[in-house]
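Residue-level listing of the chains:
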Amino acid sequence: MTAITLVAARTQSRSRRIKLGTLLSLVVLIAAAVLVVAPIAWALATSLRTPATSFDQPPQWIPSDPVWSNYKAVFQQVPLAGFFVNSFLVTGLIVVGQLITSTMSGYAFAMVRFRGSKALFWIILATMMVPLQTTIIPVFLIIKYLGLTDSRLSLILPAVGGAFGTFLMRQYFLQMPRELGEAGRVDGASHFQVFARIYAPMARAPMATLAVLTFSAYWNEFFRPLIFLQSTSKFTLPLGLVTLQGTLGTGSISIVLAGVIIALIPSVLIFLAAQRYFVEGIVAGSFR
Amino acid sequence: MSTNLFTEPLSRRGLLKAGAASAVLAGLTGCSSNSASPSGPKTLNVAVFTDQASANKLTKAAGTFEAAHPGVKVKFTGTTGTDWNDFFSKLLTQIAAGNAPDIAAVATEGLQLFAAKELAEPLDDYVKRDASELKSYFADVHPALVEAMMYQGHLYELPSDFNAGNMFYSTSLLSSVGVERPADNWTKDDFYDIARKVSAKGNNVVGWNWVVRLWGSWTSWMYANGGNLLTEGKYDGGDWLWNTFYPNDPAAAGRKGGWQWGDPTANSTPVVEALDFMIQLQKEGLSPTPDVGGGGTLQGLFASNKIGMAIGGGFWAGGLHNAGMAPGSFDVQYFPKWKSQRHLFGAGGYGILKSSKNKDLAWEFLKTLVTPKNMDLLSPGNVTTFPRKSMMTAQRYASTGPKNWQVFYDTLTKFDDTAPIPAPPYYNAMAIALNKRTTQAMSTGDAKSALDGLQSDLESAAKTS
Amino acid sequence: MQPARSRARREALFGYAMIALSLVVVFVFTAAPIVGSFVLALFKWDAISSPQFIGLDNFEALLQDKTITHSLLVTAGLAVMIVFLQVALGLWLALLVARRASAIVRNLFRAAFFLPMLASAASISIVMTYVFNDHFGVINYYLGALHLPTVPWLSSAGGATATIVLVAVWQQLGFTFILFVAALGSLPQDVLEAAQIDGASSARLFRQIKLPLISPTVLFACTVGLINTMQLFDQPYVMTKGGPGEATYTTVLVVYQTAFQNLQFGYASAMSVLLFAVLLVITAVQFTVSRKWVFYS
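Residue numbers (my numbering), protein chains in the order written: chain C, 29 to 316; chain G, 254 to 718; chain P, 967 to 1263.
In isolation and in its complexed conformation, chain C is listed as follows:
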């Protein structure tokens, strides 16, 4: 009897404590979320103010009289549309290239028997540890010797194959049953047909993950474009936006911020559409 009541009392007090705890944790979480979103909300709000009032305090979080002209102005002052096209072109081709090369090599390392496969895999994997920034000078020179300076291709080519994609795809292919391929071979399919018709279609989910990860890695890239590109007509969005702030001296933070907000839209849309793959990609990366 007493024991039971004791336990009951304890659970009751704990549940009250838990309720208080949950409430507190909710408060903390909401506060954190507000803090995280605030700068972007500020950028959005300020992009809707007239240039002359953009430095006025306090900030108007909800503009009483939103000015949309900054959004028009940003397209007039810089070739923003061109930056978009360049970003889509560069990122899109990198994603396509990554998908092709990584799926192929990941599959080969998982499913195909050939001499040196293990060693080559480890060599590729080792380059995953090499940060881009430490090799930028030789890469710049290689780009130069290929005659690709100041071209969008200079951003695409070095990024179309990579250790991470190969590794990720290999992990997924390793989990797939070998029997399917063997059955296909018995039915007279070539090696490539087995890959293209049987296994590759089964790898759609990891491919989507890889695509999303590659997209987010290169869509926002700043360092390489800064070094490889010279003509404004070839700039990608991040670089274009920084120059919008720099030389032009538009004198209006409202217009600069309008550019920042516009640039954010595509990645937000992609995130909303493919949220699952973003999460999977981040988690997949950690279990290596």
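Some clues are possibly wrong.
Below 16 Å or equal to it, Euclidean Cα-Cα: the simulated EDC-like pairs (lysine to aspartate or glutamate) are [unchecked claim]: (1) G/Lys590 <-> G/Glu526; (2) G/Lys656 <-> G/Asp437; (3) G/Lys559 <-> C/Asp84; (4) G/Lys607 <-> G/Glu371; (5) G/Lys536 <-> P/Asp1100; (6) G/Lys612 <-> G/Asp377; (7) G/Lys716 <-> P/Asp1031; (8) G/Lys612 <-> G/Asp378; (9) G/Lys716 <-> P/Asp1012; (10) G/Lys295 <-> G/Glu319; (11) G/Lys450 <-> G/Glu537; (12) G/Lys612 <-> G/Glu371; (13) G/Lys559 <-> P/Asp1100; (14) G/Lys592 <-> G/Asp443; (15) G/Lys536 <-> G/Asp699; (16) P/Lys1032 <-> G/Asp705; (17) G/Lys370 <-> P/Asp1012.
Bear in mind the hints are in silico, worked out from the structure with no lab data behind them.
The hints should help you fit chains G and P onto chain C, whose structure is shown.
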């Protein structure tokens, strides 16, 4: 062998051989390089420090030239950056990559850099040859600007624009503290007094603001205080030019073969005093923390009437107008007097690159660029000061202001000690060091030790270059 | 026998063909450049005139170069602060959200924390330059409004360091948050429940059960975070240009300016080699550490 590998870019054909796939991709995405010039119609490539949209508008200036030279096309390529050193590094990497333009717009900042690296072609022979044709041009251009385009006795560029560091002010903010217009010979103390009164108004308004950079920064105060970052001297020579074009011009007296920037003097007393003054102004709340490099934020703050005074040149007339300031809401005056009223300036111009295969053609085009009509096309809307005195008219400034637009050019004629910013061949390293040491001084409040650091930075930069 | 061997050979050929593209890209753009860096470091070269072989002079000069050693310290300091805050905050928030059962709430927070990651660090830095502006910025405005002392964010060494740290942590928080939510979600429920019934306090539950179980994820977040932040560039490039003075002058920024602004390609390569070595050491240390205390199930 290895030397070859370092300097020779792969030819277009080599690229095709090397990887057909990449070439296919190149075609697909339209990113093929223009390393090999196609035979047939000639293209003159002109590199300018601006965004591509503005660069495209410059093609108008090539209209007459292209009509007179059938089969020749002029292509303006814009490159952006925060300051000139950004543009120069882009231009240098472009040259290193074998994509050198024929003509480049290089301001005072980079003139000696390009001349010393033997990347720019001296114009002496062309100028001598076409002397009679150029007489009217030089007669219209102040000799100080021409001298700023010389190095070791040779002329490398024809000035196409310039900006002297004057003082802009908000007419409403100044009149609200009882100042209608500072006197022509106003002093540092007058300036300080106004800055204090304007800042006292509160509501986030400050007396003055500036940008951390070489042109028109605290360096203007350094000039007014009789100091400089480097020892001033002049190269011999240049008589061929002065005797031909400025024989009896008193303004050309003492002009020689270009400025010779000698040993660093970055921690000398007048220099330290100038930077100390900036620290004092910031400590007293008379100026906010300055931006580094680009002047965008400063212009925005000034245009939204948060700043009483700021250094600007002729380019601010158009700049402030474009940022939405009404004519009459701002005006300009000479820089105030400290020990002297010496001003600094920077000049822009066009030069021919040594690597160009079409130098004669480039020179023909260069001459057309400095005609009044083309200068108007190159810099529409008062975004700079024209080097041709005849182009400075009341009508030009009627729609933008400032009311006292004469100040821009008179800075050259009224003060004969007005001089270009110091820009030795190691300008890029100097610009980085200057920015770094200036922010260091502003954050620590210790101008002397920051400038001691700058002194040693400059000493080692001078040695390695 | 013959058919079996040719079959094996055909399979092998197929394998090589499949990896060829990846291999070429990795070799040309990662492996060869590593070697290239070492070679370039032996030259004095401005990328325009012909290079000059100078042996190990560049490395000798590196040892005397106060700027580069200082930048390594600056970068390491920034990296440690950023990674610590990122991991600690991400983990804390993940623990808090784990209590909220509802998936909708969890997704909402996830989206909020992830939002900054969708923007480029460069454009976020533009926004933050205005937000943190000493005189006209929002943050100092609110600090002033609350009668708190304003902070010289971008104009003092400490303020600029703090700004860079805050901006980087703020932008990357979504990454560690998602990582830890997933890791905590995959913990064996029966173990946790058993511990709870035993009356373990939540602090003990975390220290003795959850933390050891998610230690591989913690290590991963630290490794990735450290390697990324040791290459910090975008934020200082846009916000501070390395200043004030050299307070936020990160190593990659030094390399960039040395190579692409001062055109000292050889010397900058020597710096790259040094940075590469430092990163290698960090990775090695982390591997050793992981053997010691990370719990792999």
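Results for each hint:
no.: 1; hint: G/Lys590 <-> G/Glu526; verdict: holds (14 Å)
no.: 2; hint: G/Lys656 <-> G/Asp437; verdict: holds (14 Å)
no.: 3; hint: G/Lys559 <-> C/Asp84; verdict: holds (9 Å)
no.: 4; hint: G/Lys607 <-> G/Glu371; verdict: holds (7 Å)
no.: 5; hint: G/Lys536 <-> P/Asp1100; verdict: holds (13 Å)
no.: 6; hint: G/Lys612 <-> G/Asp377; verdict: holds (13 Å)
no.: 7; hint: G/Lys716 <-> P/Asp1031; verdict: holds (15 Å)
no.: 8; hint: G/Lys612 <-> G/Asp378; verdict: holds (12 Å)
no.: 9; hint: G/Lys716 <-> P/Asp1012; verdict: holds (15 Å)
no.: 10; hint: G/Lys295 <-> G/Glu319; verdict: holds (11 Å)
no.: 11; hint: G/Lys450 <-> G/Glu537; verdict: holds (12 Å)
no.: 12; hint: G/Lys612 <-> G/Glu371; verdict: holds (15 Å)
no.: 13; hint: G/Lys559 <-> P/Asp1100; verdict: holds (14 Å)
no.: 14; hint: G/Lys592 <-> G/Asp443; verdict: holds (14 Å)
no.: 15; hint: G/Lys536 <-> G/Asp699; verdict: holds (12 Å)
no.: 16; hint: P/Lys1032 <-> G/Asp705; verdict: holds (15 Å)
no.: 17; hint: G/Lys370 <-> P/Asp1012; verdict: holds (10 Å)
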